[in-house]
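Student: Spelled out from the first residue to the last, the chains are:
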Amino acid sequence: MKKAVKLSLFMLLAFSLVLAACGNKNSAGGVKVGMVTDTGGVNDKSFNQTSWEALEALKKDGKVGDIKYLQSKSNADYEPNLNEFIKGGYDLTWGIGFALAEAVQKVAGQNPDAKLAIIDGAVDAPNVESVLFAENEGAFLVGVVAGLTTKTNKIGFVGGMEVPTIQKFEVGFKAGIEAVNPDAKFTPIYASGFDKPDEGKAAAATLYDSGADIVFQAAGGTGTGVFNEALDRFKTGKKVWVIGVDKDQSLEFGNDVTLTSMIKRVDVAIKTVSEQVVDGTFKGGQTTTLSLKDDGVGIADTSKANVPQDVLDKVEDYKAKIVSGEIKVPTVE
Amino acid sequence: MNQANKILKWFVSDSFIVSLAAIVLGLLLGAVVMLVGGYNPIEAYAALVTRVFGSAYGIGEMLRETAPLLLTGLAVAFAFRAGMFNIGAEGQVLMGMTGASIIAITLPGIPTGLHMILAVIFGALFGGVWAGIAGFLKAKRGVNEVITTIMLNWIALFLSNYIVRTFLLLKGDQRSENIPASASASIDWLSSAMNNARVHWGIPVAFLAAVFFYYFLWKTKQGFELRAVGSNADAAHYAGINVGRNIVKAMFISGVFAGLAGAFEVLGVFHYQAIYSASPGYGFNGIAVALLGMNHPFGVMAGAALFGTLSYGSGGMSFEAGVPPEIIQIVIGSIIFFIAAQGIVRFVIKPFYGKRKKEKVL
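Sequence lines, in order, name chains A and B. Start counting the first sequence at 10; every next residue gets the next number (this note's numbering). Start counting the second sequence at 175; every next residue gets the next number (this note's numbering).
Think of the hints as simulated: they come from the structure by calculation, not from any bench. C-beta: ideal position from N, C-alpha, C; glycine also. Hints should not be assumed to be uniformly reliable.
Cross-link-like lysine-lysine pairs, in silico, DSS-like; alpha carbons within 30 Å at most [to be verified]: (1) B:Lys345 to A:Lys82; (2) A:Lys330 to A:Lys313; (3) A:Lys313 to A:Lys248; (4) A:Lys41 to A:Lys54; (5) B:Lys345 to A:Lys292; (6) A:Lys115 to B:Lys345; (7) A:Lys313 to A:Lys280; (8) A:Lys244 to A:Lys163; (9) B:Lys395 to B:Lys423; (10) B:Lys345 to A:Lys337; (11) A:Lys302 to B:Lys345; (12) A:Lys115 to A:Lys96; (13) A:Lys280 to A:Lys72; (14) A:Lys115 to A:Lys41; (15) A:Lys302 to A:Lys337.
Just a few of them, taken from the derived set where beta-carbon distance is under 8 Å, the chain B residues facing chain A [to be verified]: (16) Gln348; (17) Arg372; (18) Gly489; (19) Pro499.
A few chain B residues that don't get close to chain A, going by computed Cβ distances all over 12 Å [unchecked claim]: (20) Ile324; (21) Arg401; (22) Ala515.
Start from the sequences and build out the full structure, keeping to the hints where you can.
Tutor: Printed below as a string of structure tokens:
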């Protein structure tokens with residue numbers, strides 16, 4: 010028995026050494042782009058994931074060389090993770106999410122020669138490119154869809170956290186509903202974080218139970234709970250809708266419950282700024298807000314599966330009005 | 175000679191060898207997991223070591239990671255020595271953060287240094303009182319501290335979020351205002367010498383706290399009383415020791431350790447207090463660190479250093495060797511697993527261990 014244990018341990022060690030020798034490391038030339046996620050992680054089915062997929066697409070097209078991401082376990086990790094890329098000689102380092110704004114600001118100041126960029130946060134430094142989105146405008150459009158589709162005249166909203174970025178979704182969504190259906194009752198619920206599917210599920214259940222038939226979620230990972238609640242109800246024969254966020258979530262959760270999705274083109278931002286570094290046109294020090302006009306936000310192309318054409322036409326009308334400036338979508342209440 | 179013998183004895187002591195074997199087994203299991211996942215474990219472990227010890231920045235950040243783990247580890251171990259299981263270090267850390275933030279942000283104009291010390295003291299007191307509540311409930315009403323401390327964690331989380339949101343908020347953001355420079359606990363000259371690693375006074379304080387822990391428990395009468403209560407509360411009572419008072423005292427000191435961890439995270443690392451959507455996890459890691467260190471202050475020190483190294487170095491594993499963070503968590507988890515499951519470790523090392531003992535007898 011003892012021998013067996015000893016032998017197995019020995020084999021284990023030998024095995025690991027043999028396999029270790031087979032390890033390979035590949036490194037290509039070209040511009041190196043790094044990305045630091047917030048605590049949501051790279052598989053959040055939301056903006057971290059979209060960002061990473063955009064970088065992977067850039068690499069696939071041969072536009073950039075090495076790409077890499079570092080996941081942050083806690084908010085103490087943001088700075089060392091950003092520094093890791095800068096010390097590793099990366100040509101561009103992305104911080105994903107408003108939570109990283111403080112760390113990006115500090116690291117950019119300490120490394121004036123490094124190039125950084127941030128999504129969803131405004132950082133005032135000459136070597137940082139900040140990209141914001143006009144979420145309120147995109148949310149307005151799905152609000153129009155919700156206002157025209159609801160049968161119960163009750164519409165819900167689940168936000169990940171009560172922060173300005175998410176409140177922009179709520180305010181825009183509400184304005185969209187009011188524009189087409191002033192009688193509809195609107196109820197927002199906020200969870201306590203972006204990584205709490207259980208809270209999302211409970212919030213969705215509360216909203217559906219109170220008679221809402223459409224729920225718009227802007228809650229990252231918490232939003233998967235909203236979809237799961239809707240799918241559970243669908244299985245028992247009750248028809249309820251979810252409006253997805255950030256990317257086309259009907260691809261993930263199916264057309265049975267996904268009415269439409271509000272798209273936030275984080276990928277466009279990642280692509281544009283990364284390519285600027287490749288071309289040498291990266292300036293830094295700017296804050297860009299991608300709006301409806303730039304196709305930075307919008308409504309999913311697959312919406313026609315569940316949304317009738319006349320509603321989509323209405324959406325197009327409003328889109329044109331927002332782009333032309335005829336309608337100003339509020340950002341705060 | 176005698177002293178050297180003592181140290182040598184400690185190195186071959188049972189607890190030391192079991193801990194060491196657990197670490198080795200954990201690393202081996204981690205290597206197997208990495209191999210199954212198609213990653214090179216040797217490259218990964220090398221990257222871990224280089225990230226921590228390859229640069230001054232790495233060493234500084236590792237110490238930064240270690241300091242709160244050491245303090246929360248001491249908090250858990252201290253309560254444990256007095257016979258209590260303080261699961262509430264998490265909440266006490268948060269209260270420590272809040273106490274320090276309140277003093278740092280709402281009382282500007284106090285001279286540099288003094289301001290910082292005042293904020294640290296308040297943070298420590300907040301943590302101590304928070305833990306003291308659980309101690310008081312246990313001493314007076316016999317309420318199990320495991321339950322009260324867990325519940326107090328939630329209260330601390332939402333209370334400190336409420337305080338930050340209502341009184342200290344930076345407008346339009348999810349955090350408090352920045353603390354003034356006069357309350358900063360960062361060691362600026364050392365920090366700039368270490369490539370901006372966030373070193374702060376909490377690091378030496380944490381190590382001093384471990385020394386205090388040792389001195390207090392084993393060299394003072396009060397410490398003796400605490401340990402007596404921890405070993406057998408009934409016997410201690412019979413011997414004339416006031417059990418209730420010692421329970422409250424032990425929890426208070428335990429909470430002070432945790433509160434210090436929180437205070438220095440705010441004053442030395444972030445310079446603001448975030449609104450947390452969930453407990454940041456310092457206290458829970460502290461339980462693992464205390465376990466790793468077998469509830470002895472110097473063991474906790476080693477445990478915290480190991481944990482800090484793994485935790486900070488793990489970033490290097492994903493950076494250099496491409497190991498995804500999930501697998502790194504498995505590696506860290508397996509080390510803790512083997513330390514907790516000492517029976518397995520003892521079984522595995524028995525063949526080597528037994529033989530050596532026999533030689534000794536001969």
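Student: Now, for every hint given, state plainly whether the structure supports it.
Tutor: So, going through the hints one by one against the coordinates:
no.	hint	verdict
1	B:Lys345 to A:Lys82	holds (26 Å)
2	A:Lys330 to A:Lys313	holds (21 Å)
3	A:Lys313 to A:Lys248	holds (18 Å)
4	A:Lys41 to A:Lys54	holds (24 Å)
5	B:Lys345 to A:Lys292	holds (29 Å)
6	A:Lys115 to B:Lys345	holds (19 Å)
7	A:Lys313 to A:Lys280	holds (27 Å)
8	A:Lys244 to A:Lys163	holds (22 Å)
9	B:Lys395 to B:Lys423	holds (13 Å)
10	B:Lys345 to A:Lys337	holds (24 Å)
11	A:Lys302 to B:Lys345	holds (29 Å)
12	A:Lys115 to A:Lys96	holds (15 Å)
13	A:Lys280 to A:Lys72	holds (10 Å)
14	A:Lys115 to A:Lys41	holds (22 Å)
15	A:Lys302 to A:Lys337	holds (13 Å)
16	Gln348	holds (5 Å)
17	Arg372	holds (7 Å)
18	Gly489	holds (6 Å)
19	Pro499	holds (4 Å)
20	Ile324	holds (17 Å)
21	Arg401	holds (34 Å)
22	Ala515	holds (15 Å)
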